[in-house]
Amino acid sequence: GQQVMQIPQYQHVQEGEDFTTYCNSSTTLSNIQWYKQRPGGHPVFLIQLVKSGEVKKQKRLTFQFGEAKKNSSLHITATQTTDVGTYFCAGLGSYNTDKLIFGTGTRLQVFP
Amino acid sequence: DTAVSQTPKYLVTQMGNDKSIKCEQNLGHDTMYWYKQDSKKFLKIMFSYNNKELIINETVPNRFSPKSPDKAHLNLHINSLELGDSAVYFCASSHWTDHTEAFFGQGTRLTVV
Chain Y
-13 GQQVMQIPQY QHVQEGEDFT TYCNSSTTLS NIQWYKQRPG GHPVFLIQLV
37 KSGEVKKQKR LTFQFGEAKK NSSLHITATQ TTDVGTYFCA GLGSYNTDKL
87 IFGTGTRLQV FP
Chain U
2 DTAVSQTPKY LVTQMGNDKS IKCEQNLGHD TMYWYKQDSK KFLKIMFSYN
52 NKELIINETV PNRFSPKSPD KAHLNLHINS LELGDSAVYF CASSHWTDHT
102 EAFFGQGTRL TVV
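Chains as they are written, first to last, in the numbering used here: chain Y, -13 to 98; chain U, 2 to 114.
Mixed in with the good hints, there may be bad ones.
A few chain Y positions that, by computed beta-carbon distances, are all more than 12 Å from chain U [to be verified]:
#1 T13
#2 K56
#3 T68
#4 K85
#5 P98
Think about it this way: if two alpha-carbon atoms lie no more than 25 Å apart in a straight line, the pair counts; the simulated BS3-like pairs of lysine-lysine are [claimed, not checked]:
#6 K37/U x K42/Y
#7 K45/U x K85/Y
#8 K22/Y x K42/U
#9 K56/Y x K42/U
#10 K41/U x K72/U
It should be emphasised that the hints constitute simulated quantities derived from the structure, not laboratory data.
The model shown is predicted, which means the values in this text are computed figures rather than measured ones.
Every residue gets a Cβ at the ideal spot worked out from N, C-alpha and C, and that includes glycine.
Based on the provided sequences and hints, a complete structural model is requested.
Right, here's the structure in full:
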């Protein structure tokens, strides 16, 4: 079945350092979404990418969808303590009945 | 108003018991989901309903039975609870046609002792 893996599993950074998480799907995706889950919270939608090679920015966050639509990345510039949480990518397959499959997640810890 | 609400937030119960978790959304979405998040934070889809019709049923023990009385509600009933059922269960909803963002409930932390 479809699998979506993320690396790294954990990342500890000093405040002000950059952070990147990578997402890889075993199958081609129709779109990819990113979510953030704060400790003790629930996943909250950040963004959706649909087009091959698409790049979107939200303030210090940059999201990219690979050319083959099988991988994606999230880059945070100059992390802040408010960035702490687990970041999930979620891929939707190419068929209408496909389900949103969540990646394994990257847990980010930011030290002040 | 909470968009997707689940009750209860916490549930502690003994092995062998039967329990239910309720979910309601007021977003007008036509699709609702149940996800299970284990201790390693992996989020796995369990069920998906579109307009009260079961669309996705992952490899979940048949002790788990979802019920959707209408498209705004999706409840999860679990029979004969086992220790391995301990997890956080999230309800979510979205629009089926364009699969835009999924809105998640606050989660139900189930602990089986």
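Comparing the hints with the structure gives:
For T13/Y, the condition that its CB be more than 12 Å from all CB atoms of chain U holds, with the nearest at approximately 15 Å. No Cβ of chain U approaches the Cβ of K56/Y within 12 Å, the least distance being about 18 Å, so the stated non-interface status holds. For T68/Y, the requirement that its beta carbon stay farther than 12 Å from each beta carbon of chain U is met, with the minimum near 19 Å. The Cβ of K85/Y sits about 5 Å from the closest Cβ of chain U, inside the 12 Å cut-off, so the non-interface label is violated.
Every beta carbon of chain U lies more than 12 Å from that of P98/Y, the smallest distance being close to 23 Å; the non-interface claim holds. Pair hint K37/U plus K42/Y does not hold up; C-alpha atoms about 29 Å apart against a cutoff of 25 Å. For the given pair, K45/U sits about 11 Å from K85/Y by alpha-carbon distance, which is consistent with the 25 Å threshold. With a C-alpha separation of about 12 Å, the suggested pairing of K22/Y with K42/U holds against the 25 Å cut-off.
Proximity of K56/Y to K42/U is assessed by CA-CA distance (about 22 Å); at most 25 Å being required, the pair is judged to hold. Our distance criterion of 25 Å between C-alpha atoms is broken by K41/U and K72/U, whose separation comes to about 31 Å.
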